[in-house]
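J.: Given next are the chains, with one letter for each unit.
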Amino acid sequence: MSKFQVNLKINNLAIAVDEGTTILEAARQLNFNIPTLCHHDDICVAGNCRVCVVEQKGSRLLPAACATPVGEGMEILTNSMKVRQARKHVVELLLSEHNADCTRCIKNGECELQKMSNEYRTGNNQFISLLKEKDKVIDFSSPSISKDDSKCIRCQRCVRTCAEMQAVNALTVAYKGNNMRISTFLNKPMNDVVCTNCGQCINRCPTGSLTERTYVDQVFEAVYDPTKFVVVQTAPATRVAIGEEFGLEPGTRVTGKMVAALRRIGFDKVLDTDFSADLTIIEEGYELLSRLKAALVDGKAPALPMMTSCSPGWIKFQEHLYPELLENLSSCKSPQQMFGALAKTYYAERMNKNPADMIVVSIMPCTAKKFEANRPEMRGSGYKDVDFVLTTRELGMMIRQAGIDFNKLENESYDGMLGESTGAGVIFGNTGGVMEAALRTAYEIITGREVPFSNLSIKPVRGMEGVKEAAIRFKDVLPEWNFLEGVELKVGITHGLANAKLLMDKVKEGNTGFHFIEIMACPGGCIGGGGQPLPTTLAIRKKRASGLYEEDEKMILRKSHENPEVKELYQSFLHQPLGHRSHDLLHTHYYSRKKI
Amino acid sequence: MKNKTIKKVDLIFEQVDHLAILDKTLNRSSEEIILDIIDSGLRGRGGAGFPTGLKWKFARNEDSEQKYVICNADEGEPGTFKDREILTQVPEKVLTGMAVCGKAIGASEGYIYLRAEYNFLLPMLHQKIDTFNNVLKEKKFDFSVAIRSGSGAYVCGEETALMESMEGFRGEPRNKPPFPTSKGYLGKPTSINNVETLVFALMIANLGPKMFKELGTFDSRGSKVFSISGDTPSAGIYELELGMTLEDFVNEFGDGDTKAVQIGGASGYCVARKNFKSTVIGFEGIPTGGSMMLFNSSRSMYNILRDYLEFFEEESCGQCTPCRIGCQQLLKGVEAVKKGLKPPSYLENLQRLSETMKIASKCGLGQSVGNPFNSIINNFREEIIY
Ligand SMILES: Cc1cc2nc3c(=O)[nH]c(=O)nc-3n(C[C@H](O)[C@H](O)[C@H](O)COP(=O)(O)O)c2cc1C
Ligand code: SF4
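In the order they appear, the protein sequences are chains P and U.
Residue numbering for the first sequence is 1 to 596, as defined by the working numbering.
Residue numbering for the second sequence is 1 to 386, as defined by the working numbering.
If you're looking for bench data, these hints aren't it; they were derived computationally from the structure.
Take the hints with a grain of salt, since some may be wrong.
Distance condition first, Cα-Cα at most 25 Å in a straight line; then the derived DSS-like pairs of lysine-lysine [stated by the list, open to error]: (1) P:K3 to U:K176; (2) P:K132 to U:K339; (3) P:K132 to U:K338; (4) U:K57 to U:K24; (5) P:K3 to U:K183; (6) P:K567 to P:K554; (7) P:K88 to U:K176; (8) U:K188 to P:K3; (9) P:K88 to U:K342; (10) U:K176 to P:K57; (11) U:K342 to P:K132.
Far from chain U, some chain P residues (derived; all Cβ distances over 12 Å) [to be verified]: (12) D101; (13) R253; (14) I265; (15) D357; (16) S572; (17) H583.
From the three backbone atoms N, C-alpha and C, an ideal C-beta is built for every residue, glycine too.
Assemble the whole structure, with the sequences as input and the hints as a guide.
T.: The structure is reproduced here in structure tokens:
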């Protein structure tokens, strides 16, 4: 249905736009850029920073372009003298309360306030500094996120992200007036509140107020320590995003360059989390099949639907909010942690290394992985399985600091044993990817045939809708899977914790009909993770997702169970899925974190 | 235009047979009720002065199953204490005014948002409300009143912050549009009116618009309840006809040594003696939600300004930049000028800033800080500097 058209003029140019369009959107259609700070396309309108104010003919007030819908006959000026003065004042005011320690700030060069201040040439700020020493205390309590109030401009983008996209509400506005700040429940440190460490707040913070805890120096120190054998693993979603750190289009596939860069930095072995993603599919697939068998053959009542456990933000969310459903969670560790546990056992053994002298570093699109690596359970090898977790952004920083001209690097390949992967492992980085990988393998195990989707692309589980559903019926199954003959497997996929919450409420009521649910904490899955390059928008996430699907299609092997290194691992070490060793190294348990 | 001298009126506190007025109103159509209010020229008594009849008409014209009436009894403006008195003395008139509004716009629920400091009125109000609701039930008029206790912040008197607060959120003003008449409480069309406005509406419904129109001036019809305080021998609450000059007012209420009057509370304007004669109290001159604060020559205007700025610095909800930081800069700025840390010319920078706050802030709070600031600086510059 075509919408009602509204005619207006912006800077004396006439335009007709759909009813309900904001002045900001209309101006963008005419290629007029209105600066914004509190606005972010992913979240609801706030209209509080006031940097986007414009002049409206006939109005005494300057409306906020982001929050004001167009009206018939409106005449808008986006850069009048009045507007310029107001805008400059807003930037100057923000700077007067800001800890403008730009040269030392991790966001230097990426800070939206800095950019605006530069654009408006605020020069010597006329106003009195309002920054107080006590505000400069940074909250370092969380292993994932650091929070520096002295850099906060109170735009509430983090608050809206945490509430709307993630339904977590860890961050909230506290106090009013000159004391107003972004705080947590009872002002507790980040580590003590219900925070999933997903880092989506970081992705939308315009300044250096919310950033990841960075471990770049520690990793360099390990790399340069001759007594340490340092291996690095790279998560699926990093390979289509790291290029953005070097000016490439989102979604550009730079796997080979990333491997080359890591090698030049000095890692002893460059390995791939995609390998352990494939492994996860085997373990998790068998876990699902054993639950189905328990239900259909043994007449037991196993916890169904089973839910994926690759996303540590989601795990912590569930531990806080739905502890009664923890049984439903797959006991599989995430690919990062499976990798770490194997690196310091299987790999160390075969490489003749003392695991005590090994350092495992992960490059992740995720900030929650930093927390996950620190969980006390994640020491299956007898050591801390994963020593340091860096985000994709931190890897960008490392590459720059090491003086490597990323874009000119020749492609290189991963090292072996924990470095081979299939297209199924690659798509783990997308929402629906784990499900697609699992179906490719499960269907084939059960029926001996490939999944009945053209080019192995299971389209119904792809895409950015909040909740996706699919069903696949097993027919003519292999004899050992007789109990699944004619059974229709129903699966659900969701991403973003607010969506997950909606789905979990239905699961609690017991009426989803799903057998298996994939849940990723971040929008779009890991490609939209809290550790990915900035900025983030839906368009950028879609490009990264396409990048991963392309990568999958270019692979020779596209089914996890065909990964030769995974096969070798089972033959010579694990012996069988869900076996004794798997149990010790690849599976874990969860805790209720419910406070009341 | 000819200005009137002081004339005391008794529409608000006069005891009336509210149930008779209710019966009379329920027999009329909503169009008729609204036309009378529009005709009377009644404008909101909460500060902003929006024409009440129009507000009701907008709310009535919305197509919605559910609509709400809210009586704004947050009365947070420094120097205002008339709503408390109205609620104490003629609570039935307020309740009936709400029912009249409900009838006019087609709402079935009304809420009184009561300033937290007035919670001592709750037992009495609950009792009156119970009785009133029962009467409405007997009359088979689908309307009931409930009461909500305020959250203690000045900004919660701002209509959209008030609705956020009623919905259980932080009292932060919303973006407008949409206005409350189309999307108000719980997203439904809502008419929010000041306590006094509702009582005037009731009296107009009772006596017709003519008597109201005959009072006041073209722009400022009717009378208004004033809260008079400060250096005056006769502090208190008075209902006066609108349109008098400040000189007449000061002659009546001043102590003989009045050097300035702050009209409209902290967010209003300061008028100095030299302008008393030319200042009309009303929408054509200086409007007021009711607060009139008189200052005699013993008062330091610097201290008064600083007190106001301290108030705003704390009471800003803090969400928008011009207001949150602007208030702090104005306060720190005048202090710095006073101490000689900034040159007197810095006051001009601050006045330019206050102009930005006036046009770029999100709500009426930030938009009005410039009123006291500029009027005090312009009139009493030397007191600020030296
Ligand atoms: C900061 C601020 C505080 C306000 N406080 C009150 C108040 O305490 N009582 C009131 O009636 N209106 C108050 N208002 C005005 C309301 O927003 C609104 O205009 C009024 O309730 C409408 O009623 P009226 O049309 O009857 O005046 C305030 C406005 C602002 C900006
Ligand atoms: S003007 Fe002040 S009170 Fe109003 S929204 Fe902005 S910060 Fe809040």
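J.: Now look at each hint and say whether the structure bears it out.
T.: Taking the hints in turn, this is what the structure says about them:
1. Our distance criterion of 25 Å between C-alpha atoms is met by K3 of chain P and K176 of chain U, whose separation comes to about 22 Å.
2. Restraint check for K132 of chain P and K339 of chain U: the C-alpha separation of about 20 Å stays at or below 25 Å, so the hint holds.
3. The suggested pairing of K132 of chain P with K338 of chain U holds, with an alpha-carbon distance near 22 Å, which does not exceed 25 Å.
4. The hinted pair formed by K57 of chain U and K24 of chain U meets the criterion: a straight-line CA distance of about 20 Å does not exceed 25 Å.
5. Of the supplied pair hints, the one linking K3 of chain P and K183 of chain U holds, its CA atoms being roughly 21 Å apart against a limit of 25 Å.
6. Of the pairs offered as hints, the one joining K567 of chain P and K554 of chain P holds, with about 21 Å between alpha carbons and a cut-off of 25 Å not exceeded.
7. About 23 Å separates the Cα atoms of K88 of chain P and K176 of chain U, which keeps this hinted pair within 25 Å; it holds.
8. Our distance criterion of 25 Å between C-alpha atoms is met by K188 of chain U and K3 of chain P, whose separation comes to about 23 Å.
9. Between the alpha carbons of K88 of chain P and K342 of chain U the distance comes to roughly 21 Å, so the proposed pair stays at or under 25 Å and holds.
10. Restraint check for K176 of chain U and K57 of chain P: the C-alpha separation of about 17 Å stays at or below 25 Å, so the hint holds.
11. Taking the CA atoms of K342 of chain U and K132 of chain P, the gap is about 20 Å. The hint holds against a cut of 25 Å.
12. No beta-carbon of chain U is positioned within 12 Å of the beta-carbon of D101 of chain P; the least distance is around 18 Å.
13. Every CB of chain U lies more than 12 Å from the CB of R253 of chain P, the least distance being 41 Å, so the non-interface label holds.
14. Even its closest Cβ contact with chain U, about 42 Å, leaves I265 of chain P beyond 12 Å, as expected for a residue assigned away from the interface.
15. For D357 of chain P, the requirement that its beta carbon stay farther than 12 Å from each beta carbon of chain U is met, with the minimum near 53 Å.
16. S572 of chain P, annotated as away from the interface, keeps every beta carbon of chain U farther than 12 Å; the closest lies near 59 Å.
17. With a least CB separation of 47 Å from chain U, H583 of chain P remains clear of the 12 Å interface cut-off, as annotated.
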